[in-house]
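Taken in sequence, the protein lines are chains A and B. Under the numbering used here, the first residue of the first sequence carries the number 1, and numbering increases by one thereafter. Under the numbering used here, the first residue of the second sequence carries the number 1001, and numbering increases by one thereafter.
Just so you know, these hints were derived from the structure itself, not from any lab. Any given hint could be a false lead.
Below, computed lysine-lysine pairings styled on DSSO-like, alpha-carbon distance capped at 27 angstroms [said to hold, decoys possible]:
#, chain 1, residue 1, chain 2, residue 2
1, A, K214, A, K47
2, A, K67, A, K214
3, A, K67, B, K1024
4, B, K1012, B, K1059
5, A, K67, B, K1079
6, B, K1099, A, K94
7, A, K94, B, K1005
8, A, K101, A, K115
9, A, K94, B, K1009
10, B, K1024, B, K1107
11, B, K1024, B, K1099
12, B, K1005, A, K101
13, B, K1051, B, K1013
14, A, K67, B, K1009
15, B, K1051, B, K1024
16, B, K1005, A, K115
Ranges of calculated distance between the beta carbons of each label pair, as one might list FRET restraints [unchecked claim]:
#, chain 1, residue 1, chain 2, residue 2, range
17, B, Q1035, A, A74, 27 to 35 angstroms
18, B, A1102, A, Q237, 17 to 25 angstroms
19, A, F153, B, S1098, 28 to 36 angstroms
20, B, E1083, A, D252, 31 to 39 angstroms
21, B, V1043, A, Q237, 18 to 26 angstroms
Keep in mind that this is a model prediction, so the values were computed, not measured. All C-beta atoms in this analysis are idealised placements derived from N, C-alpha and C, irrespective of residue type, glycine included.
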Amino acid sequence: MVRPLPLAFTALALVVLAGAPHAQDMPPGPAAKEASERPAWQAHGLKPQNPNSPFDEVVSGLYFRSKETQEMQADDFNNPGFLAVEQGEELWSKVDGAPGKSCASCHNEASTSMKGVAAAYPKWNEKLGKPINLEQRINICRSGAVKAEPWAFGSSELTAMTTYIRTQSRGMPVAVKVEGPMTPWFERGQSLYYQRNGQLDLACASCHEKNHGKYLRADFLSQGQSNGFPVYRLRDQRLVPLHERMEGCMQDVRATPFQPLSDEFLALETYVAWRGLGLPVETPAVRN
Amino acid sequence: MADVKPRIKLDKKDVAKGGIIEVKTLVSHTMESGQRKDKDGKVIPRKILNKFTCDLNGKTIFSADIESAVSANPYFQFKIKPEETGTLTFTWIDDDGSKIQATEQIKVA
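With these hints in hand, go ahead and build the complete structure from the sequences.
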């Protein structure tokens, strides 16, 4: 019972040090060290394409991560996300279903036929009368032309294929369209983004718009951009699709999450992609 | 995961005698630590790669004992000074006794 007391004093002393008016004149303590290690995300912003963008500069989540994580992503060999890219590449030409078809039977080489495709998703689907994301597009092909079982959301196959297809757009700008029939979905996504949720009563915007570039306890908040998804999360040691990440955020604010691939998440995915218009697709990105 | 294809990269495959080759390896594996429990509270049995070796013409030139704290998809980067031309064999040994193997040819002039 005596132990916690000195700890509490240390914490108090640190707060005083950080808040002192002449903090920069003091010898570098732990607080100064921490500040110097904060990623310099501001240097990597794009000017927003849309005048209604909430950001002064649009910054990929990559620059909110540590130098080591950025280096891991930059080297295609070190980047463990490429294990899924390779798995996706194999699945691309793997025959499945009754007619004996694979993705390659219709789409040939993914490196040409899929180039730039994923950067425009989610996309309006005339037949269904609603937008669909890449995972849903893949499963429409599987239950349609390929005549195979659709892959479950979160399965390693669906995530690997999504990753493989999105990687074909790597470096190309996110170019989602929110005009025409997409407008109501965009607006729904926007209202969900600003809707406070859960026991902690936080909206997406509370962290990712108002407070990015600050610490939330041990977590350094990003702008919540979707250009790197599916991302290899070091925490999970596997690729995590966007809707699973959003589910995680909702659990963190102690809300009941929407279902993956639900209309709510589709609307949010559309709106979040719009917030990151012009950012290069980074799939497979590495995040913590 | 019997059909695992490890990723291997050598910075060069052709060196003078006494030259150094940098080797990078990455292999897909869950590395289940044996510390976790499933939904019913039962311990998920340990299943990791417990040994890695790099052989040149059958002679081990680099090896590592891997423990359960190593994360999934283990990555190794190391340097070798090969004495002779031949085949590098990379082997990962699973707890269940199965092996993941890959080879690379190198030339020493």
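| query | Quick check: which numbered hints come out false for this structure? | reply | 20
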